[in-house]
Amino acid sequence: MNDTLVLLPILIPLTGAPIALLLARRPRVQSGWALGVLLTALASSALLLAQVWRSGQPGGYEMGGWQAPFGIAFVGDLLSATLAVMAQVVLLMGVVYALGSKDKVIGYPAFYVLFLTLTTGLTGAFLTGDLFNLFVFAELLVFSGAILTAISDDPYGTEAALKYFYMSLLASAALLLANGVLYVSYGTLNMADLAARVAADPTQPLLAAGIAFLLVTFMIKSAVFPFHFWQPDFHAAATTPVSAMLSSVVVKLGVYGFLRMTTLLFVEQAPAIGALLVGLGIAGVVYGGLGAIGTHNAKRMLAYSTLAQVGFILVAIGWGTPLALTAAVIFTVNHSLIKSAMLMLAGVVASRAPVKTASFQVVQGLGKYMPGAGALFLAGGLALAGIPPTNGFISKLTLFQSGIQAGQWWSLLVLGFASIFTLIYVVRSFMRIWWQPVVGFSYGSTTYDAAEIKAKPGGDRLLAPALLIGGALLLGLWAEPLVSLATAVSQWLGDPAAYITAVLGG
Amino acid sequence: MELLTALAVGALFGIAIFQMLRRNVIRSAIGIILLGNAINLFLLSTGAYNGLAAAYTDLAGQRSDALPQALVLTAIVISMGGLAFILAMLYIVSARYKTTDLDEVTGLKN
Numbered sequence: 003m004n005d006t007l008v009l010l011p012i013l014i015p016l017t018g019a020p021i022a023l024l025l026a027r028r029p030r031v032q033s034g035w036a037l038g039v040l041l042t043a044l045a046s047s048a049l050l051l052a053q054v055w056r057s058g059q060p061g062g063y064e065m066g067g068w069q070a071p072f073g074i075a076f077v078g079d080l081l082s083a084t085l086a087v088m089a090q091v092v093l094l095m096g097v098v099y100a101l102g103s104k105d106k107v108i109g110y111p112a113f114y115v116l117f118l119t120l121t122t123g124l125t126g127a128f129l130t131g132d133l134f135n136l137f138v139f140a141e142l143l144v145f146s147g148a149i150l151t152a153i154s155d156d157p158y159g160t161e162a163a164l165k166y167f168y169m170s171l172l173a174s175a176a177l178l179l180a181n182g183v184l185y186v187s188y189g190t191l192n193m194a195d196l197a198a199r200v201a202a203d204p205t206q207p208l209l210a211a212g213i214a215f216l217l218v219t220f221m222i223k224s225a226v227f228p229f230h231f232w233q234p235d236f237h238a239a240a241t242t243p244v245s246a247m248l249s250s251v252v253v254k255l256g257v258y259g260f261l262r263m264t265t266l267l268f269v270e271q272a273p274a275i276g277a278l279l280v281g282l283g284i285a286g287v288v289y290g291g292l293g294a295i296g297t298h299n300a301k302r303m304l305a306y307s308t309l310a311q312v313g314f315i316l317v318a319i320g321w322g323t324p325l326a327l328t329a330a331v332i333f334t335v336n337h338s339l340i341k342s343a344m345l346m347l348a349g350v351v352a353s354r355a356p357v358k359t360a361s362f363q364v365v366q367g368l369g370k371y372m373p374g375a376g377a378l379f380l381a382g383g384l385a386l387a388g389i390p391p392t393n394g395f396i397s398k399l400t401l402f403q404s405g406i407q408a409g410q411w412w413s414l415l416v417l418g419f420a421s422i423f424t425l426i427y428v429v430r431s432f433m434r435i436w437w438q439p440v441v442g443f444s445y446g447s448t449t450y451d452a453a454e455i456k457a458k459p460g461g462d463r464l465l466a467p468a469l470l471i472g473g474a475l476l477l478g479l480w481a482e483p484l485v486s487l488a489t490a491v492s493q494w495l496g497d498p499a500a501y502i503t504a505v506l507g508g
Numbered sequence: 050m051e052l053l054t055a056l057a058v059g060a061l062f063g064i065a066i067f068q069m070l071r072r073n074v075i076r077s078a079i080g081i082i083l084l085g086n087a088i089n090l091f092l093l094s095t096g097a098y099n100g101l102a103a104a105y106t107d108l109a110g111q112r113s114d115a116l117p118q119a120l121v122l123t124a125i126v127i128s129m130g131g132l133a134f135i136l137a138m139l140y141i142v143s144a145r146y147k148t149t150d151l152d153e154v155t156g157l158k159n
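Line by line, the protein sequences are chains A and B.
No gaps in the numbering here: position 368 of the first sequence is 370 in our numbering, and each next residue is one more.
No gaps in the numbering here: position 18 of the second sequence is 67 in our numbering, and each next residue is one more.
Calculated from the structure, these hints are not laboratory results.
All residues carry an ideal CB built from backbone N, CA and C; glycine is no exception.
Please note that a few of the clues may not be correct.
[Said to hold, decoys possible] Below, simulated DSS-like cross-link-like pairs (lysine-lysine); rule was C-alpha separation at most 30 Å, straight line: (1) A/456 <-> A/358; (2) B/147 <-> A/106; (3) A/106 <-> A/370; (4) A/458 <-> A/106; (5) A/358 <-> B/147; (6) A/104 <-> A/456.
[Claimed, not checked] Chain A regions said to be covered by chain B (calculated; three or more residues, Cβ under 8 Å): (7) 141 to 154; (8) 160 to 167; (9) 480 to 487.
This is chain A alone, in the form it adopts within the complex (with noise of 0.2 Å):
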C-alpha cells in the first residue's frame, strides 16, 4: 500500500512555496506560479478522489517505507479525499481572486507562498493518519493563518492575529497533551491502530483525559460555541480572500477531527460525545444566529453565520446516524463553497466603498453601482438559509430528513427557528447594501455626506465568487453526485474497520 497520489496534494504546494518565495522579485510571475501550483495540486486532489471512489479502497502511503504502526503513515480514505478536493477547490478560487483584488497585502512577497503553505497545513491535515503529524499539519495552517492576517490591510489585523495565535496556541497545547496521554495509555500514535487498540480496551483511565484534549482542541480549531469569541474578530479583520478561506474551509479541520473520532477512534464512546456535540452545536446555531443579526458590519456578520453553520454540522455529527453522516459531509461541503463566496461579495463591496471596510453604515446603498455583486449575493443569501433551488437546500433538506428519520424532535424543532434567523440576516444585509438610498457617515476624523458618497471605479473582480455561486447553484439543481458521494463516504464511516484493515495490512 504505497501509493504516490495520496502525498502529491501535500507534496505540490509544499514544494511550490519555496519556488513562489523564490520567485519574490517577480510579482505577477509569483502569482501565475501560485495559481498554476494549486490547479496541479488540485487536478492531483481529484484524481486521488476518483480513484479512492471507484476502487472502494482508500489509498495509503508509508513514509520511507516504514510499516504503518510504526511509521508515518498517509492515508487517503473518501472523507479525507472529499474534504481534501473541496480544501483546494476554495483554496484556488482565493488565489483567483487574490489575483484580481487590488488590497495592499496582496503584493507582499510572502503572501502567495504563505497562501500555498495553508493549502499544505490544510490538505495534509486530512490525508494524515498520524495524529502527532496532525499537530504538525494543524500547526502550519495555524501560522499561515495568523501570519496572512497579522499583515492584513486592517489596522486590527495585527491585534486580530495575537488573539487569534494565543487561542490556537492553548489548542495546538491540548493536542500536544492528547497526543502525550493517548500515547502514554495505548502506545501508538497511527489512528487505525489506536482505533483498534480503544477498541480493544476502553478502561484505560487517561483515556477521557485525552477524549477531552482532543475535543477542546477542535473546537478552538472550527470556533464551536464556548471557544468562538476570537473567530468573529479574527475572520472579520482578515484581507478579504484570507478571511473567504478562514471562515469557509479552514474551520472545517474541526469538523473532520469530529468526524473522526465519533466514526473512528472513539466509537464506543461517540454517544457521549456526539450528545455534547448536539448541544453545543445547538447553542452555536442559536448565539450565531442572533449575532450575526446583532453586528454592523457584513463581513462580521458572515463570520458570526459560520458559527450558526458549523453548529448546524455538529448537530448532524451529534446524531450519529448514516443519513445524520451523509447530512454532515453535503453540509460540509457545501457551505465551505457559499461561505466563501459570500466574503468575497462582502469583500468586492467594500474594496469599492470610499473607506475600505465592510460596516453597513458606509456601504449602505452603494449596490446600485454593482448590480452584479448584488444579484450574486442574493443568490449566495438564499443558499446560505437553505431555498431551493440552491444547494443549501439540499444540505437542510437532508439534515432535517436525518433528524426525522432518528427522532429527534426537540432539536430539529429549534434548527427550525434558527433557520429564519438566517433568512432574516442575509436579507437585511441584501436590503442595506442594495435597496436603501445612500446615507452619510463619520468615520474617523472625515465626514462624508450622503450627497458626495459614490462607488469607487474598479474595485476587487467578481469572477472567483461568481464561479463559487455558479457550483452552488449547479450543485443545487444538480445534487446527485455529491449526495451519492456523501452517502458513500457515510457508508465508509460506518465501518471503521476497513478503515484499520486498510491502513494496518489486514
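Given chain A, work out where chain B should sit, using these hints.
Just chain B now, kept in the frame of chain A:
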C-alpha cells in the same frame, strides 16, 4: 524520579497558566514559553522510564522508547517559531497602543 518529574510538570503547568492569564504582554509570553516546556517535559516522561538502555545501541537491557524524544524535538522547534512570531506581534501591538497592558488593547471592541 517519577514523582519528581510529575511534580515538576505540575508546577510548570501551574506557573505557566498563571502567567498566561496576567495582563502584561511580557508575562503572558513567558507563560507561553513555560507552557511549551511543561508539555515537552510531559511528553518526555511518557517514554522516559520504560527502558534502561538507550535506543540503537548494543547495551544489554530493555531498550528505552525513542519516539517521545522525537516528538519533543519537533514540538520544541514548532513552539520556538510560535514564540518568535508572538513576540513580534506583541511588540507591534504594544508599540501601537503605547502600553504593555493587554486590557488596554481594545481596538477591536469598537
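Structure-based check of each hint:
1. A/456 <-> A/358: holds (13 Å)
2. B/147 <-> A/106: Given that 30 Å is the threshold and the Cα spacing comes to 25 Å, the pair holds.
3. A/106 <-> A/370: Holds: residue 106 of chain A and residue 370 of chain A sit about 26 Å apart, inside 30 Å.
4. A/458 <-> A/106: holds (16 Å)
5. A/358 <-> B/147: At roughly 25 Å apart (the allowed maximum being 30 Å), residue 147 of chain B and residue 358 of chain A satisfy the hint.
6. A/104 <-> A/456: holds (18 Å)
7. 141 to 154: holds (count 5)
8. 160 to 167: holds (count 7)
9. 480 to 487: Coverage by chain B is violated here, the residue count being 0 at a Cβ distance below 8 Å.
When held up to the earlier numbered hints, the structure conflicts with hint 9 and nothing else.
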